Each structure stands twice: as structure tokens, then as C-alpha cells.
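Novice: Listed below are the residues making up each chain.
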Amino acid sequence: MRYIIVFILLFAHWVIWSGMLDAFHLALGVISCGIVTFMSHDLLFKRERITSQLLTESIRFLFYIPWLMYQIILSNIHVAKIVLNPSLPIDPKFVWYKSRLKKDIALTTFSNSITLTPGTITTDIVDGQYYVHCLDQKVADDLMGGAMERKIAHVFEED
Amino acid sequence: MITAFSLFLFAIGIFFFFTATVGLLRMPDFYCRMQATGKGDTMGAFLTVTALALYNLHYGFTLSAVLVSLKIMFIAVFIFVANPTATHAIAKAGMDCGFEPWTRERRAE
Amino acid sequence: MQNFFIGAGLALGFLTLLCLYRTIAGPTVLDRIVGTGVIGTKTTVILLLMGFIYERVDMFVDIALAYALLNFLATISAAKFFRTRKSLIPGHKYHLEREAQK
Numbered sequence: 000m001r002y003i004i005v006f007i008l009l010f011a012h013w014v015i016w017s018g019m020l021d022a023f024h025l026a027l028g029v030i031s032c033g034i035v036t037f038m039s040h041d042l043l044f045k046r047e048r049i050t051s052q053l054l055t056e057s058i059r060f061l062f063y064i065p066w067l068m069y070q071i072i073l074s075n076i077h078v079a080k081i082v083l084n085p086s087l088p089i090d091p092k093f094v095w096y097k098s099r100l101k102k103d104i105a106l107t108t109f110s111n112s113i114t115l116t117p118g119t120i121t122t123d124i125v126d127g128q129y130y131v132h133c134l135d136q137k138v139a140d141d142l143m144g145g146a147m148e149r150k151i152a153h154v155f156e157e158d
Numbered sequence: 000m001i002t003a004f005s006l007f008l009f010a011i012g013i014f015f016f017f018t019a020t021v022g023l024l025r026m027p028d029f030y031c032r033m034q035a036t037g038k039g040d041t042m043g044a045f046l047t048v049t050a051l052a053l054y055n056l057h058y059g060f061t062l063s064a065v066l067v068s069l070k071i072m073f074i075a076v077f078i079f080v081a082n083p084t085a086t087h088a089i090a091k092a093g094m095d096c097g098f099e100p101w102t103r104e105r106r107a108e
Numbered sequence: 000m001q002n003f004f005i006g007a008g009l010a011l012g013f014l015t016l017l018c019l020y021r022t023i024a025g026p027t028v029l030d031r032i033v034g035t036g037v038i039g040t041k042t043t044v045i046l047l048l049m050g051f052i053y054e055r056v057d058m059f060v061d062i063a064l065a066y067a068l069l070n071f072l073a074t075i076s077a078a079k080f081f082r083t084r085k086s087l088i089p090g091h092k093y094h095l096e097r098e099a100q101k
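Protein chains in written order, with numbering that gives the first Met the number 0: chain Z, 0 to 158; chain A, 0 to 108; chain C, 0 to 101.
Quick caveat, the hints were computed from the structure, so don't treat them as lab data. Note that this is a predicted model, so its numbers are computed, not measured. Here a beta-carbon is modelled for each residue, glycine too, at the ideal position from N, C-alpha and C. Among the clues, some could well be false.
To be clear about the criterion: a stretch of chain A counts as covered by chain C if any three or more of its residues have a C-beta under 8 Å from a C-beta of chain C, and this derived list gives those stretches [as the list claims (entries may be wrong)]:
{"no.": "1", "stretch": "29–40"}
{"no.": "2", "stretch": "47–61"}
{"no.": "3", "stretch": "67–80"}
{"no.": "4", "stretch": "89–102"}
Please model the entire structure based on the sequences and the hints provided.
Specialist: Below, the structure written as C-alpha cells:
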């Protein structure tokens, strides 16, 4: 099962990137994708069986993206306001944020989301604790509200 | 219609590139500079590249045009994932070197 | 349309020059790395624009993707390389020792 999914993903990429649809190139693609699948099928998906959980996570992640987009637009307007203000109203500080996420993928998504949302960037993660650089006190309070973490915990089914 | 929309997206993207550059030049230390570039650059690149992918479709929905648009969108998604990661790596390098962040109080002293 | 793309490319080139100031004059190495990364992102977009200007998008899109990948790798590896270098900090005792040796 895992072999088939990896092979289909690889082959879709082959077709998109080569852009040639004649028999010779497709056959080359089948051969090379087959070899790569045989050698490294266990790199892409860590878990043994692909359950329905992966499907739920993917669908929920798709619903998470529009909210993230909205946050990113807000954050860009926030940064643009600060940068174009002649007095440069910033008061940078570091805060610790204790997270309850556990899976690697959830931690990575959360840190990238922090970086993309208003006025905060992740600098370090130590044992699930995020060391976050904030532009001023208001965005630090927004982060401490924990709305984004709840959304990500919902996406990756960690409660 | 598609052309006008993609031009609109492209103009907004260039505006965000502009704010990222101004932030890079004006902010006091490199943590704050990364605040500006990590967001403004990601958004600007995503918007401009998406606009180009849309504009590429205005010749008509032929197979090759759709393939090229898919490739361009792949670049957009890649930048979207890679840019925050690179920002994080630089910030962590700064932390490990022990750079002190700039604060209001220290400047007042 | 061609004129719009050329104008947009010129605007991005101008922004790249502004970023180049930070890359050259940045007080620390990490500022330079940030500046280089920003320039690389803009260059990716400029490469795509060149593809549209010369009407060879199918070729330039591959170049742009390779450039984006290389830019990411360069930033990551430079950050990793300078991670444990205490000599990056201005005024660190490494520099004082170097001064004393002179």
C-alpha cells in the first residue's frame, strides 16, 4: 500500500517536471520511480500503515490553510504599518511559550505558522518550549492566547 | 479578466517586497530585520509567483500551459515552506552565538 | 504587457540594490546572510519575469526552481556554519586576543 502511494506521488512529479508524454520518457519514468520507491519507500511516511487518520489530517490541514492565509495578510499589513511609520514603534522582547504539541509535524507546522503570523518569529524549540521573538507586548499577548495552537492540535488530532 | 487579476496580485506582491526591503534597511538589529523579511518576502514572492502562474494561463488552457503553471505554483509553495525555515535557521544561529537582542531600554541608557 | 514586465523587473532590480546595501554594510555576518536570502528570493521572481519577457517560460521555470532550491540550501548551510562561531559577536574576546597578537 505504502509502495503504491509513494510511487504515484513520485510519478506525478516526474510527469509534471519532464512535461514529455511520449512512450520513451514515460517508460524511463516508470523505471526510475520504481527503483527510487524500492530503495526509499520508508522515508516519506514514518508510520507503518496508512490509516484513515492521514486522510483526516490532510483534509483538516486544507481547511487550516485559508485561516493561515488570512493571518499572513494581517501580519504583512502589521509589518508594513510599523516599517512605514517614521518613528518605528517597536519594543522587541523574547518570550517563552509552553506548547503541548508532541508530533514532529505538528511542532514544525506550529513554528512556521508562528513565524508567518503578526510580529513573532520562532528562534528555538527546547523540549516543546518555544523561544519566540516578539516585536511588541501586544503580539506576545496575542500569541499567549493560544488560538493557533488549538487549531493545530485540532488538525493533527492531539488533545 | 485573468490578466487584470494577475496584474493586481503582482502589484500587491511588489508592495510587500518593498516593505520587506524598507524593513531590512531600517530595523535596528537582525532579529527585527528578520521580522520584516520573513513575512514580507514570503508573502511578496507567493503573490508575484502566483500572479505569473495565473497570467501564464491567459493564452488558453492547453496541456503545456497548465503544466508550466503547475511548475510555477510548485515554486510558490516551495518558497512558502522554505522561507520561514531559513528565517528560523538564521535566528537559531544568532541565538547560539549569543547575540543580545536590541531593546528600547538599552538604547535609552 | 511586455512593458509592464520590464518595468516590474526594473523595480525588483532596484529593490535588490537596496538589499545589497545591507549585504555589504551589515554590521554582522548574520545580517549579510539575511540580505543574501532576500536577494535570492527576488532573483527567483526576476528569472520568471525574464521567462515571460523572452516567451520561454518553460525553460526559465526550471532555472528559477533550481535557483530557489540553491538559495534555500545556501542560507541553511551558511546559518549552520556560523552557528557556533563566537567570533561573530563584535567585541568578543576572540577579537581582543587577535588585537593583542598584532
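Novice: All the hints need checking, so say for each whether the structure fits it.
Specialist: These are the hints, each one checked on the structure:
Closer than 8 Å: that is the beta-carbon criterion, and the stretch 29–40 of chain A has 5 residues meeting it against chain C, so the requirement of 3 holds. With 5 residues having a Cβ less than 8 Å from any Cβ of chain C, the stretch 47–61 of chain A passes the three-residue criterion, so the hint holds. Here's how the stretch 67–80 of chain A fares: 7 of its residues keep a CB closer than 8 Å to some CB of chain C, so the rule of at least three is met and the hint holds. Here's how the stretch 89–102 of chain A fares: 8 of its residues keep a CB closer than 8 Å to some CB of chain C, so the rule of at least three is met and the hint holds.
The earlier numbered hints are all upheld by this structure, with none contradicted.
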